[in-house]
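S.K.: Read off the chains here:
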Amino acid sequence: MQSLLSVILLFPALGALVLLCVPSVQTRLIRILGLSISCTTFVLSLLLWVFFDHSTAKFQFVDAIDWLPFLNMHFYIGIDGISLFFILLTTFLVPFCLLVSWDSVQKNVKEYFVAFLLLESFMLAVFCMLDLLLFYVFFESVLLPMFLIIGVWGSRERKIRAAYQFFLYTLIGSLFMLLAILLIYFQTGTTDLQVLFVSEFSLQRQFLLWFAFFASFAVKVPMIPVHIWLPEAHVEAPTSGSVILAGVLLKLGTYGFVRYSIPLFPDASVYFTPLVYTMSIIGIIYASLTTLRQIDLKKIIAYSSVAHMGFVTLGLFSLNIQGIEGALLLMLSHGFVASSLFLCIGVLYDRTHTRLVKYYGGLVHVMPLFSVFFLIFTMGNLSLPGTSSFVGEFLILVGVFQTNPFVATCAATGMILGGAYSIWLYNRVVFGNLKPFFIDAFMDLNRREFFIFLPFVFCVLWMGFYPEIFLEPMHTSVANLVQHGQWRG
Amino acid sequence: MNFPHLFENDLYAILPELYLIVSTLVLLLFGVFYSTSKKHHTPSLMQTISWLGLFCLFCTFCILQNLPFSSMTFFYTTLIMDPLSFFFKTLTLLGAGVSLFISLQYFQAEELKDFEYTLLLLFSTCSMLLLISASDFISMYLAIEMQSLCLYVLAASKRNSEFSTEAGVKYFLLGAFSSGILLFGCSILYGLTGLTGFQSFAQLFSGVGGSLAVETQSFLSVGVLFIAVGFLFKLTAAPFHFWAPDVYEGAPTSVTAFFSITPKLAIMAVFLRLFLVGFYDFLFSWQSILTVSSLLSLFIGSFGAVAQTRVKRLLVYSSIGHMGYLLMGVASGTVEGLQSVLLYLCIYFVMTVNIFAIILSLRDEQTGHNVKYIEDMSMLSKSHPLLAFSLSLTLFSMAGIPPLAGFCSKFYLFFAALSSSLYFLAVFGILSSMLSCFYYLRVIKTMYFDQSKQPFQNVTMDHEKSWVITLTTFFVLFFFLYPNVAFLWTQKVALLFLG
Chain A
1 MQSLLSVILL FPALGALVLL CVPSVQTRLI RILGLSISCT TFVLSLLLWV
51 FFDHSTAKFQ FVDAIDWLPF LNMHFYIGID GISLFFILLT TFLVPFCLLV
101 SWDSVQKNVK EYFVAFLLLE SFMLAVFCML DLLLFYVFFE SVLLPMFLII
151 GVWGSRERKI RAAYQFFLYT LIGSLFMLLA ILLIYFQTGT TDLQVLFVSE
201 FSLQRQFLLW FAFFASFAVK VPMIPVHIWL PEAHVEAPTS GSVILAGVLL
251 KLGTYGFVRY SIPLFPDASV YFTPLVYTMS IIGIIYASLT TLRQIDLKKI
301 IAYSSVAHMG FVTLGLFSLN IQGIEGALLL MLSHGFVASS LFLCIGVLYD
351 RTHTRLVKYY GGLVHVMPLF SVFFLIFTMG NLSLPGTSSF VGEFLILVGV
401 FQTNPFVATC AATGMILGGA YSIWLYNRVV FGNLKPFFID AFMDLNRREF
451 FIFLPFVFCV LWMGFYPEIF LEPMHTSVAN LVQHGQWRG
Chain B
1001 MNFPHLFEND LYAILPELYL IVSTLVLLLF GVFYSTSKKH HTPSLMQTIS
1051 WLGLFCLFCT FCILQNLPFS SMTFFYTTLI MDPLSFFFKT LTLLGAGVSL
1101 FISLQYFQAE ELKDFEYTLL LLFSTCSMLL LISASDFISM YLAIEMQSLC
1151 LYVLAASKRN SEFSTEAGVK YFLLGAFSSG ILLFGCSILY GLTGLTGFQS
1201 FAQLFSGVGG SLAVETQSFL SVGVLFIAVG FLFKLTAAPF HFWAPDVYEG
1251 APTSVTAFFS ITPKLAIMAV FLRLFLVGFY DFLFSWQSIL TVSSLLSLFI
1301 GSFGAVAQTR VKRLLVYSSI GHMGYLLMGV ASGTVEGLQS VLLYLCIYFV
1351 MTVNIFAIIL SLRDEQTGHN VKYIEDMSML SKSHPLLAFS LSLTLFSMAG
1401 IPPLAGFCSK FYLFFAALSS SLYFLAVFGI LSSMLSCFYY LRVIKTMYFD
1451 QSKQPFQNVT MDHEKSWVIT LTTFFVLFFF LYPNVAFLWT QKVALLFLG
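Protein sequence lines correspond, in order, to chains A and B.
Each residue of the first sequence is one higher than the one before, counting from 1 in my numbering.
Each residue of the second sequence is one higher than the one before, counting from 1001 in my numbering.
Don't read these hints as lab results, they were simulated from the structure.
Errors might be hidden in some of the hints.
If you only want the chain A side, here are some residues facing chain B, beta carbon under 10 Å, derived [as the list claims (entries may be wrong)]:
1. D66
2. N108
3. Y136
4. V152
5. A163
6. Y164
If the Cβ cut is set under 8 Å, some of the chain B residues that face chain A in the computed set are [unchecked claim]:
7. P1402
8. F1411
9. L1418
10. L1441
11. F1449
12. N1484
Think of the CB as a built atom: it goes at the ideal place given N, C-alpha and C, for glycine as much as any other residue.
Sequences are here, hints too, so could you generate the full structure?
M.R.: Next up, the structure:
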């Protein structure tokens, strides 16, 4: 059991190596092999959940390999209640990313599968790395395969610009984090996270370091002034790229906040809370309003993601148990809901090759099954009670209300706006008269697509009706996190 | 008193250099007699001599690795053998060998038939070995001149090309100029102190660097400044970089490869030795010079490269930028700084070899065009996916994107800069690394996403280059997984040198 996590980490990467040896003309073999590798990874990662010990806040499945022993840096991996579900989310989403592009990706199939499996390994490494420098390494390496996925398999000419923006925006933020990490290493002589949790930084230095980390994570989240890359990247990426971008990559930033910024710099986190609140509130309201005037389906979901991530940062910096747990839950839920919405758009795009809202209307007449699924996910997006997002947003509002009622009130308007744009979108696309533009192209879901959507519906409803099963492993770790902050601050 | 007693072990210590120069002379004789022989129809000996030259370099390498001494001074302390010089000599020999190795096909294709090319390369390598060992102004200057003379001729070696001749002349004029400045600095210091040995400077000034009389100190600083400027010229660091783009662009690509890979190693070695040993107590006076030069190099390297359309010019500007990073490490003046410089050089060496091997191989067999503009590389990912893949990996690595090798060198460099409080420099380095990403990405974009009028169709890859490209690409990809060897080696060298 001890090395289970390492196996999960290495499995997709080794699988990618195996795929490299398959001749690229045998696309069917490559597809089946890639899918089975990612499914096996998912099954293995379920074992993590089974064997996870809820009663302790310690890191579990810890494994260490020497990297630069004389500089005191090691490949040091382990998970706790906070990172467990991100691992599961990643391994859950990747098989669907591969499935959804079963037919739509026809060029460079081998490279596509290799890029996705490598990306999976990198993302998993980010979530379970317990060494600050190596965390940075994997946090950045995610850029490489993602850059290629957007640039090579994206849909239009504008994709190059989008890939550039994605790469450069996220890079400039992260580079300052690198300096901060080196400064921490210079001061403490270690990059081991567990040692750093118990080391103290002076207040001035905390401010500096917190800000450098914030620059990097805020771009990844993305928070409002630096969110420009996200809609571009979403629109230009292939469906699977959007799914992984919304499902996992956005969580890297918020995960960074909860794993690094808050416990490492507790005083600075308290000090900068008003800043984060302001940015989140602006993010929620502004992004929601922007969503209302978008005409591209993917941009609508992209901006609504920005709004939801605003909720997440709000919850994280409420710095109490309800808020943080709600934020973690909303991250998971957003991972399911936004991904499945992008899958829905992918289904439409595969048929008509357009994403503009004005070409759609009255789909309920020709695609009834699709309309049902789309309805469920839209309801998830506006956090209707009974869906997963509701639990998350409710907990966040409870948490924030305790620290700052005014902010909570402002954030609550975001829920109304969310309802507005979601329902209006659904209304425009599904109801009304059938538009004649692509009338011969509309077909209902085929079997592959149906079975892609089914697990997502299951997860969204399951989390909505019985969230305790997800919250239970988090309790101890989150309580420990909050306790840690109070003890210091 | 007989001869062997006078030099005792000195001749053993200099055995690699002796062997290399004697064998080069033998090759020269062989070439002169055989290539003019009417009986054999005056054969072109380029390939033969090149392979023999490679063999000589290999033997020199073996001799160097098996020398019984780890550190000693010889020839009345004008030359020195220590782990640092061993490190640099190893790299230099490898560099010379590899740059000859990857150019073999280029010689044939471009019909460079003069075997003197290889001999000049061997002579300059030999003088680099001497330069790395130099620990005295006289030996340093002599070695620099011998090296530079060979390089001037090499730059102009493609005699039927105007650009190549122009490159040679420019290189000669500016090289001579910078040597003059260097010599002037040396003579000021000699006039003030009567010393020429690096060690003697260190001993004379140890601990009194800051407490000298103001006049003496300012004169000394002027001397140090001149010497630094001379070196910065040779290292193509800004603001003394103006000759580099023209020379590197005009010279034949094989020569550019050699220029980019090898000579800077030797200059860097003696630069490190002079400044970190000889002038260590003047850290306050030269640290600021190097900091400014480093800043400017980073700035000009990244902004200059953004505007380039030609591949070789782009690479020159990128190498100016990399020189900025190296100077950052030197300016920090600590063991970590030195170690980061050595590590950076190692990794940069491999990446440069990879890039030039690829550029040398990009030659359309049908039309005879060599790659010249960046846009020539468009659609390379379609016609030659593996080449495009390794080139983009190396470029990403040069930009310092983890988890590639370039990142490992950069993070340690930034660490060294931070630990000696060069905060501004570190932040600026980060920013320019971001900018450099932009132009490296542009090349990658051209290869992967751009449509082209006439893509390169028929690149024939020879065995030599394919081996080199494969090995270096693997290094760039997998260095991250096990960086211990390189880290330990450089740390050992740095500690023994400064510790």
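S.K.: State for each hint whether it applies.
M.R.: A quick look at each hint next to the structure:
| no. | hint | result |
| --- | --- | --- |
| 1 | D66 | holds, 8 Å |
| 2 | N108 | holds, 9 Å |
| 3 | Y136 | holds, 7 Å |
| 4 | V152 | holds, 6 Å |
| 5 | A163 | holds, 8 Å |
| 6 | Y164 | holds, 7 Å |
| 7 | P1402 | holds, 4 Å |
| 8 | F1411 | holds, 7 Å |
| 9 | L1418 | holds, 5 Å |
| 10 | L1441 | holds, 7 Å |
| 11 | F1449 | holds, 5 Å |
| 12 | N1484 | holds, 7 Å |
No hint from the list above goes unmet by this structure.
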